[in-house]
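Order-wise, the sequence lines are chains S and B. If you read the first sequence in our numbering, its first letter stands for residue 1, the second for the next number, and so on. If you read the second sequence in our numbering, its first letter stands for residue 1, the second for the next number, and so on.
Careful: at least some of the hints might be erroneous.
Just a few of them, taken from the derived set where beta-carbon distance is under 7 Å, the chain S residues facing chain B [what the hints assert, rightly or not]:
no.: 1; residue: F39
no.: 2; residue: E120
no.: 3; residue: G140
no.: 4; residue: V142
no.: 5; residue: C207
Calculated from the model, a selection of chain S residues having no Cβ within reach of chain B, i.e. all distances over 12 Å [as the list claims (entries may be wrong)]:
no.: 6; residue: N2
no.: 7; residue: I4
no.: 8; residue: A12
no.: 9; residue: G40
no.: 10; residue: M127
no.: 11; residue: L149
no.: 12; residue: C150
no.: 13; residue: T163
no.: 14; residue: P165
Simulated from the structure, these hints should not be mistaken for lab results. Idealized CB from N, CA, C, for every residue including glycine.
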Amino acid sequence: MNAILLSIIGAAILLDKYAFGEFGISQPIVSGTIIGALFGDIHTGIFLGAIFQLIFLGGLPIGRDIPPDGQAAGVIGCGSYFLLGTSNSAEYSLFLAVIFALLGAIIGGVLEIHTRRYNEKLHHIFMRKEHYLYLCHLSGLVTALMRTLCIFLPIFILSNIITIPAVFPQMNREILLIIGISIGLANAIFLFIKRTTIIYMVLGGLCGLALLVL
Amino acid sequence: MRLGFTRFIKILFSSFFIQTSWSFFSMQGMGFLFTLVSGAEKNQRDKIRKTHKGFFNTHPYMSSYIIGATIRAYDEGKSSPEKIKRFITITQTSFASAGDILFWQTIRPALLLMAAILSIKLGIIGPIIFIVVYNIFHLYHRIKGINDGYNKGWDVIYLLKSKRFTKVQHIFEILGAFFCGLLISLAALKINYLLLIPLTLLFTVLLIKRFWSMLIIITVILLLIIMVMV
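Same shape as in the complex, but just chain B (with noise of 0.2 Å):
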């Protein structure tokens, strides 16, 4: 069974688009529809439609997997629609936990990390190998997720345990914490290294109390008291 690339097309395209109509009622439901839509042939169209108006919400990038997993499903015409849905609720919550890790959590700040040093070192070199790496895993798994869940079909959530999940999130978490230490290397040598240390503490704790309205606030109120002071 293949997909077919005028189909493959279709659904990577209209995958881009699968927050666009983000709300707190449905989610990416219409996004999810609409991408199934699309991609699924003619005469599974208002079936399609009818069934899945509901809820969806998994990583935009992992979403992918169950697009293609789904529409196999209807081009097979063995699994009746409770069936289906049935296997989009249990793998959107696993995809959206594995992409939510990987991709916001892991891959995406070490890149910028990186770019923003490279950047004010650098120049615009940080933000063009930000743009190329990040769109290199990005894109892997729109364009991988789309083929393996269409040739896997419901096999496809077994693929959270291979190593373009588990391996690259290690990497990019030794990246990060190597970043993280490196960034030091972006004050000049005049600044006042002593006003760093208790900066930091207040942000890190700041943070961990998620407390970003608190953070702003005291950032603006910083950057007063240390104005008047210099």
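Bound conformation, chain S alone (with noise of 0.2 Å):
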């Protein structure tokens, strides 16, 4: 898949983040399904999606605290894994798209704050003129497009032109299950855990043992 046509179908899911609904289809193991299946490999889609949401499960957007952005890390890491796999190795891919999708997480939520300066102005324009209440609030769509766009085109321009030499470090879904599911202990731990929980952890915790030994 072409690298811009992929960067507009991520910008138009990442919508869903902030600018219209929220439904949940920009959290990493939906939009990994997605991108999984526009790539014809949709179980690999899941699995990634599935790790990168554990990855960023604890990122609360409570007020004015803006998290690193793990909706477009999601996209970014499901998107140039499979872009990169057209010219290399999974292994290889692999690690790439991992470190692709962590440094988008940093760029998205620093771009965030420069999207909402810009809407800032928007909404100055409004103060002073109020019948353009529609556009002024509507054009928000835009800046939320072009943050996620700002973002993605690179990457997966990138991502989709680049040969990776072999001394580059390999990495198996192996090393990336076991970050995922650590950093996703610590994130429901994080979340969760208090004392009248504890027990139902503990519960969680015996079932999940009985399911690896059966």
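With the hints as a guide, bring the two chains together.
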């Protein structure tokens, strides 16, 4: 798939993050599935989406707090893995895709601040010209699209053309799974474990071990 | 007093855009005004546009309760704009805190945790269950919020004590803790379990301290170290 087309699709998916609806489509587990389906490898898309989901589970967008952009990381991780995979082996692609995703999460958080500053200008325009309410408000869709395109386009174009040299580290799915589970566990402990709920965690752990043995 | 189906749909659809123009200056101010103007009677629109130009911020799903109650206040025409503004100021923080805890901190991560486990074990069923179950709760609050806000008026704030907030939050906290334990089942028997314990402890400390950027950097370093070791 074309890097530009993938950037546009990714940007449209990420509108769900703030700009429209917040139905959960932009969550890495769903966006990973969509991107996987577009590239004809839905199982890898779901796996990568689930791992990025576990990594960015604890980012809470409460009030003015802007956590790293986990949703953008999900789209970048899955998209760049498939784009890199066209001219590189899976192990090399996976490592670089994870690095791109983590980088994208940080850049996404920074660009989020700039987007909100642009939206501030739209609000000032509205304060001067009240009848421009609809235009000023819905222009927020354009700023949201521009933010995500600014992150996706360079990374996806680079992923499309790059050939990874053999000296580069390789990474298999098991390593990613260990990191994903440990950050997922940390996120879940951070969010859910209290004195009243710890018994349910133990119960879940026992069920998990039973599932493993079976 | 009835809201009417057409106005209800207009409010519901425009409320999906409440955060579109989120800014540090007015936060959801323009989005709130956009939704109010879309749902208000034509003769009220100019008055609303002049009154509610400023700051507004609450949880996006919970905004429906406040919007419903505000539109009712304008339809009745008994309250002064200052009184309506005072009501909005009081309710927005209460609904914001209830919505943040209920959705961002409980329902969404619990369902995502479940979806992640299901997806790795069973494939596409995970994301499908997440989207369906999450949006049942999400759309329930959006739809019920507009109706309850309009029907109850200023008494809408007492809904924060209802079971749809307290009971649901309690159930999802339990589910989240259970899925947290169940996460261990994702690991295959052949991987080194000893790695999971120190890594989980390290990441938990980083999260509690809210060192998000540090967490990302350490993840990259650990990935490199583990790969060299393997």
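Tested hints:
1. F39: Hint violated; F39 of chain S Cβ to chain B Cβ min 15 Å, cut 7 Å.
2. E120: Holds: closest Cβ of chain B sits about 4 Å from E120 of chain S, inside 7 Å.
3. G140: holds, 3 Å
4. V142: Status violated, d = 10 Å.
5. C207: Holds, about 6 Å.
6. N2: holds, 24 Å
7. I4: Given that every Cβ of chain B is farther than 12 Å from that of I4 of chain S, nearest at about 24 Å, it holds.
8. A12: With a cut-off of 12 Å, A12 of chain S remains clear of chain B, as the shortest Cβ separation is near 14 Å.
9. G40: Non-interface label on G40 of chain S holds, nearest chain B Cβ at 14 Å vs cutoff 12 Å.
10. M127: Its Cβ does come within 12 Å of chain B, the nearest being 6 Å, so this is violated.
11. L149: holds, 17 Å
12. C150: C150 of chain S clear of chain B: closest Cβ-Cβ about 18 Å, beyond 12 Å.
13. T163: Consistent with the label, T163 of chain S stays out of reach of chain B, its closest Cβ about 20 Å off (over 12 Å).
14. P165: Holds: least Cβ distance 16 Å, greater than 12 Å.
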